[in-house]
Amino acid sequence: GAVVSQHPSWVICKSGTSVKIECRSLDFQATTMFWYRQFPKQSLMLMATSNEGSKATYEQGVEKDKFLINHASLTLSTLTVTSAHPEDSSFYICSAASVAKNIQYFGAGTRLSVL
Amino acid sequence: SQELEQSPQSLIVQEGKNLTINCTSSKTLYGLYWYKQKYGEGLIFLMMLQKGGEEKSHEKITAKLDEKKQQSSLHITASQPSHAGIYLCGADGRTSYDKVIFGPGTSLSVIP
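For the record, the sequence lines run as chains F and H. Per our numbering, residue 815 is the first one in the first sequence, and the count goes up by one each step. Per our numbering, residue 8 is the first one in the second sequence, and the count goes up by one each step.
Each statement offered as a hint is correct.
To list a few chain F residues with every Cβ distance to chain H over 10 Å, as calculated:
hint, residue
1, Val825
2, Lys834
3, Leu840
Derived pair list, reagent style PhoX-like, types lysine-lysine, alpha-carbon separation capped at 20 Å:
hint, chain 1, residue 1, chain 2, residue 2
4, F, Lys880, F, Lys869
5, F, Lys915, H, Lys58
6, H, Lys43, F, Lys855
7, H, Lys63, H, Lys43
8, H, Lys63, F, Lys915
9, H, Lys45, F, Lys855
These stretches of chain F come out as covered by chain H in the derived footprint (C-beta under 8 Å, 3 or more residues):
hint, stretch
10, 906 to 917
11, 921 to 929
In case anyone wonders, no lab produced these hints; they're calculated from the structure. C-beta atoms are modelled at their ideal positions from N, C-alpha and C, and glycine is treated no differently.
Could you build all of it, start to finish, from the sequences and the hints given here?
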């Protein structure tokens, strides 16, 4: 079964509103989680590394104030797309690092459509 | 920074044929993931290779890691329409804390 749960799987919102996406590790603690973005017919691009109890590390070109990341517990990281615009429409996928198994597990993804 | 290339970019095969997808890294591979994705859907974990020369199989899919060449190959035997999708390779760092860098993907279509 899935070891990383991502919610919601699909969200439609109006331009200017904020959307929160959750990523949960179900049966292991993840001090590190990652957020990826995927445009149609393109590969996954890393947006940021989410560290439990500290600030996220953003990749070059990713706006910190636009994509707020909170990793408040060892099993939950959230990505909030603030003041969403149509160009933010994309597929967002998270992953969680399992230290015990030295492997990353990926969520099923969230499709965001901004009208 | 590490970059991954995949070849071919896209592939169309007839059902029952064998095929191979290659993934080449610009740097040493400490770990290599293979995922399958259908458009607009999440990633389906296929397998992870961590040791040089390692080979893993799952059903009709076999993947190999050649650290010396900084390459991995994914081989599908007797392809079926259910194998259609996008295959992504991802390079892992030394530990699970390191970010995974993905290749551009290989689109596979299987014609019945």
